[in-house]
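Protein sequence lines correspond, in order, to chains D and Y. Start counting the first sequence at 0; every next residue gets the next number (numbering that gives the first Met the number 0). Start counting the second sequence at 0; every next residue gets the next number (numbering that gives the first Met the number 0).
Keep in mind that the hints were calculated from the coordinates and are not lab data. Check each hint, because a few of them may be wrong.
Pairs involving identical chains hold if they fit within one copy or between any two copies, as the list cannot separate such chains.
[Claimed, not checked] Think about it this way: if two alpha-carbon atoms lie no more than 25 Å apart in a straight line, the pair counts; the simulated PhoX-like pairs of lysine-lysine are: (1) K113 x K78; (2) K113 x K46; (3) K78 x K161; (4) K161 x K46; (5) K167 x K78; (6) K161 x K113; (7) K170 x K160; (8) K160 x K46; (9) K78 x K160; (10) K113 x K170; (11) K167 x K46; (12) K78 x K170; (13) K113 x K167; (14) K160 x K113.
Computed from a prediction, not measured in an experiment: that's the story for all the values here.
Protein chains: 2
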Amino acid sequence: MQGEPEVVILRLGHRPGRDERMTTHVGLTGRALGADRVILVDTESSKDTIEDITGRFGGPYEVEVVSSHRPVIRDWEGKIVHLTMYGERVQDVEADIRAAHSEDPLLIVVGAEKVPFEVYDAADWNVGVTNQPHSEVAGLAVFLDRLFEGRELDREWVGAKKRVIPQKTGKRVEPVDE
Amino acid sequence: MQGEPEVVILRLGHRPGRDERMTTHVGLTGRALGADRVILVDTESSKDTIEDITGRFGGPYEVEVVSSHRPVIRDWEGKIVHLTMYGERVQDVEADIRAAHSEDPLLIVVGAEKVPFEVYDAADWNVGVTNQPHSEVAGLAVFLDRLFEGRELDREWVGAKKRVIPQKTGKRVEPVDE
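Based on the sequences and whatever the hints tell you, model everything.
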């Protein structure tokens, strides 16, 4: 978020077709919950959807597509978290990660199909949001909410064309004049 | 969770084919993050996947398939939360919902395609985990983590055949003898 070291999500490559929507949800969750940027491996259609939402509801939020995760991890200047059900318990390591992120950019790696061992090895923390099989989208969401301690819910949006006004019942969407 | 009023997730019907995996992720996220039961509308294959995970990694967690959400909502004895990007901000209403859930069962409705107005109307709270478009899986995950205030991360599992042991690097899975 603005005024903090960058938080970037790296979504590893998924099986063609199968996980496209899940990749889109990873990208949109990152945007909604305080990340600055998402890097996708080989998936132009998710990029278009995420950029379309950013165009309408605001940013800043960047989407980048790369052909391999390797150079991204190798060249990252900052700390790396890999979210995995095999990792250390989020409640045990989140305070250390928050302290590290107060000084350095953070790359959050989100797996898809089988994650190569080099990713576990390159991570400063392998983190499990529970050690149960569930959803990479759910794990990312809880992790971001805990990383930012709820500050992400007050994020302000730049360049939005429209804005949702919270309602007890029903829907209210207003155009934004900037 | 055990020893608390029941928390049940109702996943509304999705477009055939399109959102099957997302529905599975909703169900698995509920299981991992403290819900007791999920009710799916018209989707046997998600049921099978969720029950398979529960069989291997433990419960209690029930999966029910119904042909319509209407009787579930109409006959629910307890409070109802509907997660929607148009709703009140989670940070504004979560304390009230926690207080209500300390006394009564809670039904959490998770939408898919266009949600009928009757659902907004039947809910005691329409709640937005941000008022941004992202992912119903992400919204559910953050909501459950806040509802249970992290207690769900210490949930104990009954009837598990195997268990993941948290690791700094790599994977460790052990058989469970009960």
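How the hints compare with the structure:
Proximity of K113 to K78 under the C-alpha cut-off of 25 Å is restricted to the intra-copy arrangement: shortest distance 22 Å within a copy versus 40 Å between copies. Proximity of K113 to K46 under the C-alpha cut-off of 25 Å is found in both arrangements, the shortest distances being 22 Å within a copy and 23 Å between copies. Proximity of K78 and K161 under a CA criterion of 25 Å is satisfied in neither setting, with 35 Å inside one chain copy and 32 Å between copies. Proximity of K161 to K46 under the C-alpha cut-off of 25 Å is restricted to the intra-copy arrangement: shortest distance 20 Å within a copy versus 38 Å between copies.
Proximity of K167 and K78 under a CA criterion of 25 Å is satisfied inter-copy only: 15 Å between copies versus 40 Å inside one chain copy. In the homo-oligomer, the alpha carbons of K161 and K113 lie at most 25 Å apart only across protomers (19 Å), although the nearest pairing inside one protomer, at 39 Å, exceeds that limit. For a Cα distance limit of 25 Å, the shortest separation of K170 from K160 inside one copy, 17 Å, qualifies, whereas the shortest one across copies, 45 Å, does not. Taking the closest pair of Cα atoms, K160 and K46 come within 25 Å of each other only inside a single copy of the chain (19 Å); across copies the shortest separation is 40 Å, beyond that limit.
Taking the shortest Cα distances, K78 and K160 never come within 25 Å of each other, neither inside one copy (34 Å) nor across copies (35 Å). Taking CA atoms no more than 25 Å apart as the test, K113 paired with K170 passes between copies only; the shortest distance there is 12 Å, against 40 Å inside one copy. In the homo-oligomer, the alpha carbons of K167 and K46 never lie at most 25 Å apart, since the shortest distance is 33 Å inside one protomer and 32 Å across protomers. Taking CA atoms no more than 25 Å apart as the test, K78 paired with K170 passes between copies only; the shortest distance there is 21 Å, against 40 Å inside one copy.
Taking the closest pair of Cα atoms, K113 and K167 come within 25 Å of each other only across two copies (18 Å); inside a single copy the shortest separation is 42 Å, beyond that limit. For the homomeric pair K160 and K113, the shortest alpha-carbon distance between copies (22 Å) is at most 25 Å, but the shortest distance inside one copy (39 Å) is not.
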